[in-house]
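Going line by line, the protein sequences match chains A and B.
Per our numbering, residue 1 is the first one in the first sequence, and the count goes up by one each step.
Per our numbering, residue 402 is the first one in the second sequence, and the count goes up by one each step.
I should point out that these hints are in silico values taken from the structure, not numbers from a laboratory.
All of these numbers come straight from a predicted model, not from anything done at the bench.
Treat the hints with care, since some could be wrong.
[Claimed, not checked] No farther apart than 27 angstroms at their CA atoms in a straight line, the calculated lysine-lysine pairs in the BS3-like style are these:
#1 A:Lys89 <-> A:Lys154
#2 B:Lys578 <-> A:Lys376
#3 A:Lys207 <-> A:Lys71
#4 B:Lys578 <-> A:Lys331
#5 A:Lys89 <-> A:Lys75
#6 A:Lys43 <-> A:Lys89
[Stated by the list, open to error] Using C-beta positions, here's what the derived DEER-type ranges look like:
#7 B:Thr514 <-> A:Asp323: 44 to 54 angstroms
#8 A:Val23 <-> B:Val550: 28 to 38 angstroms
#9 A:Trp330 <-> B:Phe480: 35 to 45 angstroms
#10 B:Gly429 <-> A:Val215: 40 to 50 angstroms
For every residue, glycine included, the Cβ atom is placed at its ideal position computed from N, Cα and C.
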Amino acid sequence: MGQDPLFLGHISIGVVLIVIVKVLVAFVALMVSVMLMIWFERKLISDMQNRIGPNRAGPFGILQTLADGIKLFFKEDLIPDRSERFVFKLAPYLTLIPAFLIFTVVPIGGTVHIFGHTVELQVADPPMGILFVLAMSSVAVYGTMLAGWSSGSKYPLIGSVRASAQMISYEAAMGLTVATVVLVTGSLGTRDIVAAQAGSYFGIIPKWNLIRLGVVPFVIFLIAVTAELNRPPFDLTEAEQELVGGFHTEYSSIRFALFFLAEFMNTITMSAVIVTLFLGGPDGPILFGPSFIWPIIWFLIKTGVFLFAYVWFRAALPRLRYDQLMDLGWKVLIPISLAWLLLVGAMQISKVYGFVLFAVFIVAGAALLRAVAVGKESNEVDIVTTFRQESPRKGTLGGDQ
Amino acid sequence: MVPLLLTAIAKPDLIVFLAAALVVVAGGIGVISYRNPVHSALSLVMTMFGIATLFIEQNAQFLAAVQIIVYAGAIVVLFLFVIMLLGVDRAEVFSRERIRAQRPLAAVAGVVTLGEILILAHATWATGAKAANGPIGNSSDNVFKIAQVVFSTYLLPFEATAILLVIAVLSAVYLSKRVVVNVDEALEAPEDEVSLFAAEETEKRAPKEQSSKNDDEVYEV
């Protein structure tokens, strides 16, 4: 009954080896890119702030991360007295593992032929592909939440409650935008999503979901992912001025390094997911040389653009206030992504229907905003008049001035 | 050793089932035996993952993903929220049972449920078909088939469930949102209308703190 293609009927050592090699390559590549990413972020931030940044270890300071990692390895591993020991040790792994698992469903290239096997450049291509990404990103909440709770101290707890509330809030918007992509693709598999974006309009404009869906879902997804990653400007979870260091305040040594690793790994995997969903993944022209290398290069370039954008966000944008964060998530992103989902659905049926719905949405949205404004005004009046009537004391509540 | 390993590899279903069943049972026992509610909730997550694995093994990929997203990713997270925020995250001592005949009744209910499951798993009289009927096609069909059934045959129940959920959410929001104004404070400074609105503003920003602070002297509008 289990339909794992690997084990169906016959099983050859070659297939098993290919899977093992794929996992290893993905893991090592991700680790190395995390190392480079941390260096890239520090170097770029310091450029943007007129500083020099790391420049001692290796050429251009590129080995700085390695040095930091080694330092963290040899530091003392502290476990607070009041912590919940088992959960405290478990939490970093709960953050790290989903970060890696998401990467396994991202297609990083086309197919290659090795020893008579056709190999997809992707660790796994399950039929539930993109749902797996959503599942893993919702599981990632546990690491953050339990790390804060198990530290047995109040700032980490506040940080982790903030973080998990934020992650849950933005997951809804993220899921709805993914649904728009699935709607036009007609499949949940990541390779199908990429394949559906091949081709172009008029031979020039690529048929990526970024353009096909209008830019709105892409922007919403980018914002939601930034919030999901707890990266600036949504890094309330580790707001130094308010919370010391956030949920990982009590962590030190290698466990702290694991959180750090997970954060950057998540940044890279989520950039890769954005590329897969909206920018056609490894789609791009094959210029010269071996044909299997170009998709990988295009994929790396596109992912690199988003990594740069994340660093840029961090350097350029001030941190949001907590109520602004929640308002943005619940009152702006979720309604817009829901409306856009319906709109894309209507467009799938017919263009006329779609444009009518678009007009309806604009009118309805304006009416709703007006209704909310009127409601707010009348509420304010209500409180004052109620107090006037029911106040036992003489005089009014300042209505006369 | 090697032949044993090879026979084991030849039956991947069995291995997956045994591993997942072990995880499910261990998680289930953990839920009821841990003293600390957070540990119990974590065991519940473990059970959810075991069940999701079993779903994948049965080729129900969509169900597996939904199992993780909804149960592990949302519901147990909310459990944990409540446990952490209410501060009941300490070991509990059950010295005295509230309901007297709890244990015997639980045992009877357990036996009845087990019997029911065994009957449903083997006999055909309940639904006219065996419970475990095998795969419904190859796995990529799975999502398609579920969608087709949900949006055609069972459209009405599906939409009714959706409306029910929306109503539940709306009523929860409505019930939890109350405009709280501290009467005494407002009356202390009657000429200062600003303070009244200031109270409302703070209420909007931090509803929890405000409501807990003024719990004994609230005035609802």
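Hints, one by one, checked against the model:
1. A:Lys89 <-> A:Lys154: 18 angstroms, holds
2. B:Lys578 <-> A:Lys376: 14 angstroms, holds
3. A:Lys207 <-> A:Lys71: 47 angstroms, violated
4. B:Lys578 <-> A:Lys331: 16 angstroms, holds
5. A:Lys89 <-> A:Lys75: Holds, at roughly 16 angstroms.
6. A:Lys43 <-> A:Lys89: 32 angstroms, violated
7. B:Thr514 <-> A:Asp323: 44 to 54 angstroms: Since Thr514 of chain B and Asp323 of chain A have Cβ atoms about 47 angstroms apart, the given range 44 to 54 angstroms holds.
8. A:Val23 <-> B:Val550: 28 to 38 angstroms: With Cβ atoms ~36 angstroms apart, the hint holds.
9. A:Trp330 <-> B:Phe480: 35 to 45 angstroms: Roughly 21 angstroms apart at Cβ, these two residues miss the hinted range, so it is violated.
10. B:Gly429 <-> A:Val215: 40 to 50 angstroms: Hint holds: Cβ distance 47 angstroms, inside 40 to 50 angstroms.
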